[in-house]
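Residue numbers (the numbering used here), protein chains in the order written: chain A, 1 to 343; chain B, 344 to 686.
Treat the hints as calculated values from the structure; they're not laboratory data. Note that beta-carbon positions come from the ideal geometry of N, C-alpha and C, so glycine has one too. Treat the hints with care, as some may be off.
Stated by the list, open to error - Which residues of chain A face chain B? A few of them, derived with a C-beta cut under 8 Å, are:
| # | residue |
| --- | --- |
| 1 | Y13 |
| 2 | Y15 |
| 3 | F19 |
| 4 | G23 |
| 5 | R26 |
| 6 | V28 |
| 7 | G75 |
| 8 | R79 |
| 9 | L116 |
| 10 | S125 |
| 11 | K167 |
| 12 | M170 |
| 13 | D249 |
| 14 | Y251 |
| 15 | M280 |
| 16 | T283 |
Protein chains: 2
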Amino acid sequence: MKISDVKFELKRYEYYETFHITGSSRNVAENIEVKVFLDDGTEGIGEASPSYRVNGEIISSLFSLESTVKEMIKGIDVRDYAKVFKIMDGLSKSAPSIKAAIQYATLDALSIEIGLPVYKIFGGSKDTIETDKTISIDTLERMVQKSIETFSQGFHTLKIKVGESLKEDMEKILAISEATKGAEYVIDANQGYSPKEAIQFANFLYENKVNVKIFEQPIIWNDFEGLKFVREASPISIAADESVRTKYDAYRLIKDDCVDFINIKLMKSGISDALAIIEMAKTANVGLMIGCMSESSVGINQSVHIAAGTGAFAHCDLDSHMLIKEEKFRGKFVQKGSTINLL
Amino acid sequence: MKISDVKFELKRYEYYETFHITGSSRNVAENIEVKVFLDDGTEGIGEASPSYRVNGEIISSLFSLESTVKEMIKGIDVRDYAKVFKIMDGLSKSAPSIKAAIQYATLDALSIEIGLPVYKIFGGSKDTIETDKTISIDTLERMVQKSIETFSQGFHTLKIKVGESLKEDMEKILAISEATKGAEYVIDANQGYSPKEAIQFANFLYENKVNVKIFEQPIIWNDFEGLKFVREASPISIAADESVRTKYDAYRLIKDDCVDFINIKLMKSGISDALAIIEMAKTANVGLMIGCMSESSVGINQSVHIAAGTGAFAHCDLDSHMLIKEEKFRGKFVQKGSTINLL
Numbered sequence: 001m002k003i004s005d006v007k008f009e010l011k012r013y014e015y016y017e018t019f020h021i022t023g024s025s026r027n028v029a030e031n032i033e034v035k036v037f038l039d040d041g042t043e044g045i046g047e048a049s050p051s052y053r054v055n056g057e058i059i060s061s062l063f064s065l066e067s068t069v070k071e072m073i074k075g076i077d078v079r080d081y082a083k084v085f086k087i088m089d090g091l092s093k094s095a096p097s098i099k100a101a102i103q104y105a106t107l108d109a110l111s112i113e114i115g116l117p118v119y120k121i122f123g124g125s126k127d128t129i130e131t132d133k134t135i136s137i138d139t140l141e142r143m144v145q146k147s148i149e150t151f152s153q154g155f156h157t158l159k160i161k162v163g164e165s166l167k168e169d170m171e172k173i174l175a176i177s178e179a180t181k182g183a184e185y186v187i188d189a190n191q192g193y194s195p196k197e198a199i200q201f202a203n204f205l206y207e208n209k210v211n212v213k214i215f216e217q218p219i220i221w222n223d224f225e226g227l228k229f230v231r232e233a234s235p236i237s238i239a240a241d242e243s244v245r246t247k248y249d250a251y252r253l254i255k256d257d258c259v260d261f262i263n264i265k266l267m268k269s270g271i272s273d274a275l276a277i278i279e280m281a282k283t284a285n286v287g288l289m290i291g292c293m294s295e296s297s298v299g300i301n302q303s304v305h306i307a308a309g310t311g312a313f314a315h316c317d318l319d320s321h322m323l324i325k326e327e328k329f330r331g332k333f334v335q336k337g338s339t340i341n342l343l
Numbered sequence: 344m345k346i347s348d349v350k351f352e353l354k355r356y357e358y359y360e361t362f363h364i365t366g367s368s369r370n371v372a373e374n375i376e377v378k379v380f381l382d383d384g385t386e387g388i389g390e391a392s393p394s395y396r397v398n399g400e401i402i403s404s405l406f407s408l409e410s411t412v413k414e415m416i417k418g419i420d421v422r423d424y425a426k427v428f429k430i431m432d433g434l435s436k437s438a439p440s441i442k443a444a445i446q447y448a449t450l451d452a453l454s455i456e457i458g459l460p461v462y463k464i465f466g467g468s469k470d471t472i473e474t475d476k477t478i479s480i481d482t483l484e485r486m487v488q489k490s491i492e493t494f495s496q497g498f499h500t501l502k503i504k505v506g507e508s509l510k511e512d513m514e515k516i517l518a519i520s521e522a523t524k525g526a527e528y529v530i531d532a533n534q535g536y537s538p539k540e541a542i543q544f545a546n547f548l549y550e551n552k553v554n555v556k557i558f559e560q561p562i563i564w565n566d567f568e569g570l571k572f573v574r575e576a577s578p579i580s581i582a583a584d585e586s587v588r589t590k591y592d593a594y595r596l597i598k599d600d601c602v603d604f605i606n607i608k609l610m611k612s613g614i615s616d617a618l619a620i621i622e623m624a625k626t627a628n629v630g631l632m633i634g635c636m637s638e639s640s641v642g643i644n645q646s647v648h649i650a651a652g653t654g655a656f657a658h659c660d661l662d663s664h665m666l667i668k669e670e671k672f673r674g675k676f677v678q679k680g681s682t683i684n685l686l
C-alpha cells in the first residue's frame with residue numbers, strides 16, 4: 001500500500017518535576033506527532049522530540065515541514081520503506097527528529113500491513129528490555145531522596161545527572177552510592193567538565209568503588225581528541241552522546257578510538273543512521289546504549305522496538321515517558337517498573 | 344511459525360566451459376541446498392556454494408553439519424530471525440557458506456509467512472539490477488571471441504579474469520578492449536600479482552584508456568599493507584575480494600584506508616556480516632560490489648534479493664548460474680540478458 005498523506009500534530013507535555021541537566025532546565029516538552037496514512041486508511045504513527053541543545057532544532061520550523069515531507073514521500077509503497085529512509089536521510093543535519101518519526105511511522109504502517117510487530121521486522125532479538133531511570137540535577141538531599149525512591153521502585157540502574165560542579169558532584173555521587181547499595185549507575189555530565197576534570201572524576205569514582213557502568217559525555221561534543229584523551233586515562237567506560245548524531249560522527253569516533261560506548265538516540269540519528277552505528281560499533285567492539293530526548297510513550301515506543309529487535313544495547317535509558325504527564329499510554333509494549341515487555 | 348526441521352542436499356552442476364581463474368580451474372560445482380521447514384509445512388530454501396580456495400571449506404565436512412545446525416535453530420520462530428542470524432555467526436570462520444544458506448532460507452520462510460518478498464524485507468530499494476558476465480582465463484583469441492559474444496548478448500560490463508601472466512594479460516586486455524568498444528570492464532586478478540606488478544598493470548590500463556570500473560584483488564589476500572600501497576599508487580579503483588570475509592576484515596581494511604571497493608559475497612560473509620559491511624562501507628565512502636562463487640539460480644537468488652533490497656551496490660557480478668548447467672531455473676526473479684527484475 002502506498003503513502004497517501006502525512007500529518008503533523010503539535011503536542012505539549014508537562015514534566016512532573018523540573019528536568020535539570022547541565023546547561024538546561026525544563027518543565028515542558030514540545031513534540032511533534034507524525035502520522036503516515038496509506039491508501040487503504042492504515043495509519044502509522046511516530047513522534048519527533050526535537051532538541052535545540054543537541055540538534056539545533058526549532059519546533060516551529062520543524063512543524064512547517066509537514067507539506068514538504070508529504071510531497072517527498074507520497075506515493076511510495078511502505079513495502080519499499082528503504083526509499084523513505086533514503087529520502088529522510090536528507091534531513092539528517094537539519095531535522096533528525098522528524099527523520100526519525102517519519103522513518104518509524106513508515107515502519108509502523110508496514111508492520112500493520114504485514115501483521116508483524118516492528119521489533120520483529122528487525123529480527124526480534126529480544127522480547128524484553130530493561131530501562132534505567134534518571135535523577136536530574138538538584139540539591140544533594142533531594143538527589144539522594146529521589147535515588148532511594150527510584151531504586152526502591154525496582155530500577156536497578158540509576159542515571160545520575162552531573163556536570164555543573166565537580167566538587168558537589170563528587171559529594172552527591174558518594175552520598176547516592178551510600179544510600180542505594182546494590183544499585184548500578186550511569187553518570188551523565190552532558191558536556192559539563194573539562195577533560196582534566198573528567199579524568200579526575202573518573203578516577204574518583206573508580207577509587208571510591210562507585211558501581212559505575214558508563215560515564216557519559218564528560219566534555220564538550222566537538223572535542224573528539226579530548227574524548228580520546230579522557231577515554232585513555234579513565235578506568236571506567238566513557239560514552240559519547242552529544243558527540244554522535246550521524247553515522248559519520250560515529251565512524252570518526254570509532255576509527256580514532258575515542259570512546260568505549262556510544263549512546264544512540266533516534267532523535268539524533270533517525271533509524272537509518274542508528275542501524276549503521278549499531279553495525280559499526282558491534283564490529284569495532286564499541287559498546288552501545290540507547291537513550292531518549294523528551295519522548296512520550298509514542299516516541300519511546302520507537303526506541304523500545306529498535307532496542308528489542310536488534311538486541312544491540314548493553315544499556316537502555318528509555319525513561320522520558322515516565323517523567324512527563326501523559327493522558328493515555330500509547331506504547332506497543334507493557335512496562336512494569338524497569339522491565340519492558342514487547343507486544 | 345517455528346523451525347521444525349533442516350535438510351541438506353548435495354548438488355552437482357557442470358560448467359558449460361572450464362572455469363579458469365588464477366590458481367584454479369574447474370568443470371564442476373558442488374553445492375549444498377538447504378531447506379528450513381516450519382511447523383506448518385512452509386519451507387524456506389537457500390544454497391551454500393562452498394569455497395576451499397577462499398574459505399577453506401570442504402564440502403563433505405559441511406554436509407556433515409546438517410544435524411548440528413538443525414539442533415542449533417530448531418524451535419526458533421522465523422519472525423525472530425535475528426536469533427538464527429546470531430547462532431549462524433558462530434560458523435563465520437569455518438562454514439560461512441552454510442551460514443549464508445541457513446540465514447537466507449530462514450528469511451525465505453519468513454517471507455512466505457508474511458507475504459513479503461525477501462528484497463522487500465530489506466526495504467525494497469530497487470526492483471531491477473544489472474549484472475556483468477565473466478570471461479575466464481583462456482588464450483587471447485578465445486578470450487576476445489568470448490568477450491565479443493558476451494558483449495553482443497547485451498552485457499555492458501565484462502568481468503575479465505587475469506593474474507597468471509602480467510605480459511599476456513596486458514596483450515589480452517588491449518585486444519579485448521579493441522574488440523568490444525563501448526564496453527566497461529571489471530578486471531579480476533584473484534591475488535595473482537605482486538604489488539609492483541599490480542601497480543604496473545593499473546597504470547597500463549589507465550594510460551591505454553581501457554574503460555576499467557574496478558580492479559579486483561590484485562595481490563595476495565593477507566597483505567593489507569600491500570593492498571593499501573597498490574591502492575594509493577593506482578589511478579583506478581582497487582577492490583578487495585579474497586581479503587574480506589567477515590565484517591572484521593572489512594572494518595580493518597576500511598579503517599586503514601586500504602581499498603576503494605569491497606566485493607561482498609554471501610558465501611564469504613553470510614547475510615549478517617554482509618549487512619554490517621554495507622553499513623560500514625557506505626559510511627566510510629568505500630564502494631560496494633557483490634559477487635558470487637558457483638551458485639545455481641537458488642544461490643544467486645539470495646544475492647539478487649540482498650542487492651535489490653539494500654540498493655547498496657555500484658556493481659553486481661552475479662553470473663554463476665549462467666555458467667553452469669541447471670535443469671530448472673529456480674530464482675524468484677526474471678532475467679533478460681544482463682537485466683534482472685525482482686518478483
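Evaluated hints:
no. : hint : result
1   : Y13  : violated (32 Å)
2   : Y15  : violated (35 Å)
3   : F19  : violated (33 Å)
4   : G23  : violated (30 Å)
5   : R26  : violated (33 Å)
6   : V28  : violated (36 Å)
7   : G75  : violated (14 Å)
8   : R79  : holds (5 Å)
9   : L116 : holds (5 Å)
10  : S125 : holds (4 Å)
11  : K167 : violated (40 Å)
12  : M170 : violated (37 Å)
13  : D249 : violated (10 Å)
14  : Y251 : holds (5 Å)
15  : M280 : holds (5 Å)
16  : T283 : holds (5 Å)
Consistency note: the structure conflicts with the earlier hints numbered 1, 2, 3, 4, 5, 6, 7, 11, 12, 13.
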